[in-house]
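Enquirer: Spelled out, the chains give:
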Amino acid sequence: MKPHTHSFFGELYSSRNVLWQLVAQQLILRYRRTALGYLWTLINPLLMMSIMALVFSTLFNADLKTFAVFLFTGMIPWNFFSSVTTQSGTSFINNEGLIKKIYLPKVIFPLSITSALLIDTVFSFFALFLIILTLGGPLSWALLFIPIAFLLLFIFTLGLGLITSIATVYFRDLQYVILIIMQALFFLTPILYKPEALKGKVAWLITLNPVVPFIDLFRAPLYLGSLPSQSTIIFSILFSLVSITIGLIIFLWQEKKIIFRL
Amino acid sequence: MSSISIENLSIKFRIYHDSSPSLKDYFANLFRRKGQSAYSDFWAVKDVSCEINAGDRVGIVGHNGAGKSTLLKALCRIYESSDGLVSVDGRLAPLLEIGAGFHPEFTGRENIYLNGAILGYTKQQLKEIEPEVIAFAELEEFIDTPVKYYSTGMYMRLAFSLATAMHTDILILDEVFAGGDAAFMAKARARMHEMIDKANIMIMVSHDHELIKSLCNRVIWLDHGKLVGDGSPEEIVQRYLLGKVNE
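Going down the list, the protein sequences come from chains G and H. Per numbering that gives the first Met the number 0, residue 0 is the first one in the first sequence, and the count goes up by one each step. Per numbering that gives the first Met the number 0, residue 0 is the first one in the second sequence, and the count goes up by one each step.
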């Protein structure tokens, strides 16, 4: 049994126990010893989104309820995407102590972050979904598409998370650069506004933005009550595959080298 | 039967003169190719070859920074070899720094499961050894208290009993002899000896030459990353001590 013949997925499978422990650690620790505990996962985004709905529906002269549903359905995928990309960036740096003392397949660090955030997001999705329904969101068969939307979003963000996790080891500044990029990208993604609302010289930025189809994946079934358009599905599958492929290539190429740079 | 084979192993570290590179520096260096390089290479282990077979109790000696720990970490796959090959046959248990994977906010019991998973135990195995680990660490009363409230001794006891709860083929020790009070030390020592007896191969790094002479049947001497001696404990330790005197 030679070290370099260990297969990537075989190792991942045999480390599933550690992976699960790391996921549980993140879910448990975040709100341990707080009175409201896990509810904060819900309250925090809910308050934020409510304020945004209130302010922007007034600014845009839109109906508050309709706008709230529109906003919430865009924020679910966005919050997940943005948290994964930001938190994966420091996944190796924060676990430096462990990585230097025992061998673990490195992929479990970004993967545990992505998985923990997915569980968080799915939980808050159920609560938000109830709120969306109360506010008058449509109930349709298209909702059955949501698990597929989550799967595609997961693959897409995991790929990016792998890239940011490796890149930040080499360039520590990236953790701050990513925060700025995320803020810019938030406004360049049609979350607060409809895609066709952004006209003029910057409109092309939206067509280049790979996050856009993932917003539509959620918005179509939850806000419009219909399946996402064919092009949305094709583009999101395409972006997911490109992201996870590039992510894995960079990861497998660098995974053995980052220990020397931590 | 376990065995370890090391062929021409070299491990290179890159020492960066500015400790943490930034994007700015990276781009600055791209355009300033002719300037002095921002790093220099350092070989922590250089061209080491040896075969370790079942029954071997190997002690590694050498001055500080000779590459002893780096060599152990390469066996544990923490460091990838820059050159050469390491092949390990058998289940390997690294006892490098016990308690490394503990989380201070978690209780002792939760840490058994978290750290146990990191050490490679399955959930089933952990369920089986849990009572024994707690009993050996004498922590029945405090096992559901977060470990950040533990005293250093309590912490060490838990880490030690967990790390030594299972027997393995290949045992790797880096100066670990658990702390704690005298009674626990005696118990820990007995357990350590039992573990060493049952292991197929044992490799340890220590500056305690008497300990090495009493536990090992073979000693390897590393000097500046190179293997300069390999033989019986008496002979190599003697030569190592003399070599130091000659410097």
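In case anyone wonders, no lab produced these hints; they're calculated from the structure. None of these values were measured; they are calculated from a predicted model. It is possible that some hints are incorrect.
Pairs of lysine-lysine residues, derived as DSS-like cross-links and limited to a Cα-Cα distance of at most 27 Å, are as follows [claimed, not checked]:
id	chain 1	residue 1	chain 2	residue 2
1	G	K255	H	K126
2	H	K126	G	K193
3	G	K256	G	K99
4	G	K100	H	K45
5	H	K212	G	K256
6	G	K100	G	K198
7	G	K100	H	K126
8	G	K100	H	K225
9	H	K212	H	K197
10	H	K11	G	K100
11	H	K11	H	K225
12	H	K45	G	K64
13	G	K255	H	K197
14	H	K122	G	K100
15	H	K122	G	K256
Enquirer: Hint by hint, which ones does the structure fall short of?
Expert: 1, 2, 5, 6, 12, 13, 15
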